[in-house]
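*Asks:* Here the structure of chain A is known, so what remains is to put chain B with the ligands in place on it, guided by the hints.
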Amino acid sequence: MATVDLQQLRKSYNSTEIIKGIDLTVRDQELTVFVGPSGCGKSTLLRMIAGLEEITSGELRIDGQRVNDVPAAKRGLALVFQSYALYPHMTVAENMSFSLKLAGVRRAEREAKVMEAARILHLEPLLDRKPKDLSGGQRQRVAIGRAIVRHPRVFLFDEPLSNLDAALRVRMRQELTKLHRELKATMIYVTHDQVEAMTMADRIVVLQAGVVEQVGTPMELYRSPRNLFVAGFIGSPRMNFLTATVTSVSETGMAMTLTDGTTIHAPLPASALGIGDTITLGIRPEHISLGVEGSIGAQVNLVEHLGSESYVSLQANSGEVLTVRVSGESKIDPEETVRLALDTDFLHLFDATGQRIS
Amino acid sequence: MLLLWSVLPLIVTLWFSLRRYNLMNPSRTGFDGLGNYRYLLSDPGLGLAVWNTVLLLGSVLVITISLGTLIAILLDQEFYGRGFARVLMLAPFFVMPTVSALLWKNMMMHPDNGFLAFLMRSVGLQPIDWFAVAPLTSIIIIVSWEWLPFAVLTLLTAIQSLDAERKEAARMDGAGPIAMFRYIVWPHLGRAVAATTMIETIFILGIFAEIYVTSSGGPGFASTNLSFLIYRYVLMEYDIGGAAVAGLLAIVLANVLAFFLLRSFARNLDT
Ligand SMILES: Nc1ncnc2c1ncn2[C@@H]1O[C@H](COP(=O)(O)OP(=O)(O)OP(=O)(O)O)[C@@H](O)[C@H]1O
Ligand SMILES: [Mg+2]
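Chains as they are written, first to last, in the numbering used here: chain A, 1 to 358; chain B, 1 to 271.
Just so you know, the hints here were simulated from the structure itself, not pulled from any lab data. Among the hints, erroneous ones may be present.
[As the list claims (entries may be wrong)] Quick list of in silico lysine-lysine cross-link-like pairs, DSSO-like style, CA-CA up to 27 Å: (1) B/Lys-105 to A/Lys-113; (2) A/Lys-132 to A/Lys-113; (3) B/Lys-167 to A/Lys-130.
Same shape as in the complex, but just chain A (with noise of 0.2 Å):
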């Protein structure tokens, strides 16, 4: 039970600004993921959260509680690291009860709370070894039941699995999101993968430099991304974008032609533009369609298939390079030339500076 209120919250190493002034609230029993590109501060805001890190300005509220000033271990938080920094010279049941033994709290006690989170995280057989003597995804495991035998406030994970070999990390995924169902807990979860984002969030925060980009539920940032950054880092293969430039604005509708001349029509009113004016046009690789009707003709460069489909990467006339997703039955080879036609309900508009036109 507990929410984490950010207000802008800054950080700053000698004179360079790390975290420019952030504003977020984590809602109470909610997975919310912070995701971005490396070094966009995702760890510094969660160690600063967690109370490893100094808050250069700015507040941090715990259950409406402003706790700036208080220490790592009162704050009723745990930390589950990347490196796991599990305590090599303790049993896996010394590394989870070792917080509860620092507390001061009766063996009896302990063991029973060590025993518990073993049985949620399937540890019981381990209990006696060493870290050392654990594979990698026992070792997560370890981690992650260090925190829950503190029954913490807030869950704080950073890139806990980027450690993991691919199939591991999938499996580790879904197993996060049953605890988190399970234990009805507070989790702040940090990641650069935006798969990891998309499939565990409630809610995802997109950072990028220092600021939030956009805040929301994964389909609301699937959906809308409010700006280009957003539009281009969620979303797997990511969206592909066109210049186009405005030629006709009406209630109904739109058209814009690309640097080829070629014309697009959208059923976007976009009272916002003027004829003339240049934008981003994006659209995902699964709204595209390859055949030999089309508005835009391209040629293909690469085909990457995965079996149930298939992604093939193109040259358009205009001189973009695109991505479209095909199903993998569709015989395309390289070099051929084909027209794409693009499902124009699912166009984003973006204008000069980068913001989404609704």
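*Replies:* Showing chain B with the ligands alone in chain A's frame:
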């Protein structure tokens, strides 16, 4: 070849230990059986020398490792001039044993114009003649001073290799400075402490120059260790046979100590 290299000196020593061989008395040769051993074991200096060797080693180990850990932790903190402090701390390591012994004897511990005497006088105490009153303690101080930098160096390196996230995890778990040291830092230092102990043991068992330069093993046998005892036999009494026996004893002692050290550390290192 390798066997010869490592075993030959031992065999020669064994050989001499069984013979009558005194440089002052070359006509007396031939086998003496266990005569040398009997003679040595009845020497009142021997027991004291063994005791002094062990005491010297034990004290220096305790002092350098405990003080070394403390200093290493301090030098690991952020403070202005840290680099300079580190260099200063390591400086004694580069002073030759003979030189450092002379330094201590003449500049620090001299009863008339030593620095310690000056300090004691300035607080109104009677200066003490270190090498007359507490010869072994004085040598322990000197040797500790020489070996402290080594301990600090190895321990500091070990502390710096401690994963920062592990410390942060402990901090989140509620560990204050004391719990952090006891449960996280000290266990991590096990390997470095073992290595330091091992290496210091090897060198400190054979401490010689410091004794030779300062107290000459005296008064009496008060600051004579095994290696100095061997020297006494050879150069003061020209008794090679006796020296060989003392040498063997030193080897036995070293091995017994090494055995116990290794065994206790083998357990610690198993993490
Ligand atoms: N102690 C520090 N001193 C100075 N700059 C720092 C410090 N710690 C981090 N930074 C800078 O802050 C920025 C954000 O770092 P942070 O670790 O939060 O990134 P991140 O979003 O977690 O990236 P990644 O996905 O690679 O983990 C980086 O540009 C980094 O260089
Ligand atoms: Mg990071």
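*Asks:* Assess, step by step, whether the Cα of A/Lys-132 is no farther than 27 Å from the Cα of A/Lys-113, and give holds or violated.
*Replies:* holds (23 Å)
*Asks:* Checking one constraint from the list: CA of B/Lys-167 to CA of A/Lys-130, max 27 Å. Satisfied?
*Replies:* Holds, at roughly 18 Å.
*Asks:* Does B/Lys-105 pair with A/Lys-113 here, judged by a C-alpha cut-off of 27 Å?
*Replies:* This hinted pair is violated, its Cα atoms lying about 62 Å apart.
Checked against the numbered hints listed earlier, the structure breaks hint 1 alone; every other hint is satisfied.
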